[in-house]
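> Take a look at the letters that make up each chain.
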Amino acid sequence: MDGMLLAKAIVLGASAIGAGVAMIAGLGPGIGQGIAAAYGAQAVGRQPDASDKITQTMLLGQAVAETTGIYSLVVALILLFANPLIRLLS
Amino acid sequence: MEFDIKTAFYLGNIPITETVVNTWIIMAVMIAFAVAAGRKFSNAAPDDDLGTFGLLTEIVVDGLNKMIASTMGEKAATFGPYIGTLFSFLLLANLSGLIGFRPPTADLNTTLAFASISFVLIQGTALRSKGIVGYFKGFFEPLWFLFPLNVVGELATPISLSFRLFGNILGGMIIMSLLYQVVPILIPAPLHIYFDIFSGVLQAFIFTMLTMVFISSAG
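One line per chain: the protein sequences are C and B, in this order.
Each residue of the first sequence is one higher than the one before, starting from 2 at the first, in my numbering.
Each residue of the second sequence is one higher than the one before, starting from 836 at the first, in my numbering.
What the hints contain is simulated information worked out from the structure, not anything from laboratory work.
Among the hints, a few may not be true.
If you anchor each label on the Cβ, the simulated ranges turn out as follows [stated by the list, open to error]:
no., chain 1, residue 1, chain 2, residue 2, range
1, C, Arg47, B, Ile952, 34 to 42 Å
2, B, Leu846, C, Lys9, 32 to 40 Å
3, C, Asn84, B, Lys875, 28 to 36 Å
4, B, Asn848, C, Ala8, 32 to 40 Å
5, C, Arg47, B, Thr920, 50 to 58 Å
6, C, Gly27, B, Arg963, 38 to 46 Å
7, C, Met5, B, Ala869, 27 to 35 Å
Predicted, not measured: the structure shown is a model, and the values here were computed from it.
Quick reminder that beta carbons are idealized off the backbone N, C-alpha and C, glycines included.
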């Protein structure tokens, strides 16, 4: 019984660390979206008339760039709230 | 702390979740709006005074039509009604968190269902415009051994579409409820502007926009 508890504690602790490590992936989309926003601002500065179209394109590109970050968020959420590893123990 | 989707009640043996009930409520609101607006416009003569409600409907429908026409071109007439409905539903669903509902889009079942519809529309448009031979030939381009990569690329579309919406809305919901546990008053209120209003409107817009872009580029 004690061994089981220890195993569960290890799995839970490792899952929490894993969730934290997974969210490091947030770096990439952050940098990418920042670059997109920078060029968007530059483009609006050059052509203020086309700002609607530029904003729309920028947001669309940022949404696609965000995908990897969202995947890491989903992985972290699964590890925290719907942990599949803990079920393997029992 | 639980973010599980609660079961509202059982219909025979089938569990009806909170998501489904909230979807029904949003559907009821949309149907009521559509019926009221339809009745108003079908009885109206061209120079009638439409009143506030009529003019508001006109602004909404006109805005949606313009947005769809500028992205889809000549396909706007075919897909316009679906895209407009999709945007209105997602908008209401994302904003429903503001009045205390659990947003239906914070459930992967909802977003995956919508992404599947988009996937079928994309593939159907491609099949119709290229023909059966051209459609399957498209998978072997530019080189034949890239076939598995092309298939995975097509299948990734609905998955990334659904996870993007789901992750954004659920992430916002979780951050807000964590914040409510730390500081229950004053501080969380302005953050609803970002997590519910800004993020909700943006994600509804992006989902419909990407669907439109994928459909237009398919055929």
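> Flag every earlier hint the structure violates by its number, smallest first.
3, 5 and 7
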